[in-house]
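Participant: Residue strings, one per chain:
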Amino acid sequence: METMYVLPNWFFGADIVMELIFTILTLAIALYAFKIYKLSEQRELKLFGISFSFFSLSYLFWAINNFFLLSVLGDESRELSLQDIGFYNHIGIYLYLGALMLGAVTLLYTTLKTESKRVYLLLVILTASVFIFSGNKATPFYSILAIFFLFIFFHYFIECRKTHNKLTRRNTIAMGLLFLGSIAFIYAPSYYVNYVIVHVLHGIAYALLISSLISVINKHGQKKK
Amino acid sequence: MGKKRNRLQVIYDILNVIREKSGRIKPTHILYKSNLSYQMMEDYLDELKLKQFIVEQKTKTGKTYIITDKGIKYIQEYSTINNFMDAFGLG
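Read top to bottom, the protein sequences are chains A and B. Taking the numbering used here as reference, the numbering of the first sequence is continuous, increasing by one, and the terminal residue is 225. Taking the numbering used here as reference, the numbering of the second sequence is continuous, increasing by one, and the terminal residue is 91.
Calculated directly from the structure, the hints in this document are not laboratory data. All of these numbers come straight from a predicted model, not from anything done at the bench. A hint or two may mislead.
Listed below are the simulated DSS-like cross-link pairs for lysine-lysine, each with C-alpha atoms no more than 30 Å apart in a straight line [claimed, not checked]: (1) K117/A with K33/B; (2) K73/B with K38/A; (3) K113/A with K73/B; (4) K63/B with K162/A.
Please construct the entire structure, taking both the sequences and the accompanying hints into account.
Facilitator: Here it is in structure tokens:
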């Protein structure tokens, strides 16, 4: 079985709109991180910007794939299956998964606070190897993604306890939701409700992240006045 | 004893010391005002030169450091940089 995920028919369309919204939100976070990087030249900001650029790309590819590659499974559901699509269409799925993997690896690498490029390379190679050499692509890939987001969540949790910052707390919850989203995705090839849950969790997570960003921008605006 | 300063704060303090001295300062003054060890100060100054926040000028009496426009912009935008990095767990 090469099913990446199944989704209910009633959710088709809404999912694509949500993915396009996530593309814009993650791009906004990436662009602001790059703006702050330009002012401060702090390496972490560049990496953070790169990771969210990859997330943005992955959501865009996801939306495109969902628009063109889903097969109808009857009255109730649709699926994205590697068996049902032509060889060249696999490229779209690999682009989506590759961008998602690079986004997660880059964010994890940022939180590890290491300057070793070999660590980054190791994370990329290990994740790619699991994907390439496993028979069932979806489950191992999303399991690894869940582990990455668990580590990212713990980093934010520690930062939150250290700084007692309201916005860090908000972003810690967001990372926790992205972690739960990755867990839910592991079972998305079997249960279509999980696909909806993933979108809802991601929606809340990005709403929290973008509200933090708006708070930072507002503080900046107030200071200028 | 105050809270331990993070990197952003140390960079801000060094740049601010230079700005308060009309934008030009000798390393001994930075050492005195920034509350860092000599080696740490040297490391930070190298980083600030690399990032073009300051430029080094050699004179007859020794080295002086001059803050650049980019360094002044950093001071002006410091709280936004700090807020963003804290909020997104990058501090």
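Participant: Hints first: check each against the structure and report whether it holds.
Facilitator: We went through each hint and held it up to the structure:
no., hint, result
1, K117/A with K33/B, "violated, 35 Å"
2, K73/B with K38/A, "holds, 10 Å"
3, K113/A with K73/B, "holds, 26 Å"
4, K63/B with K162/A, "violated, 39 Å"
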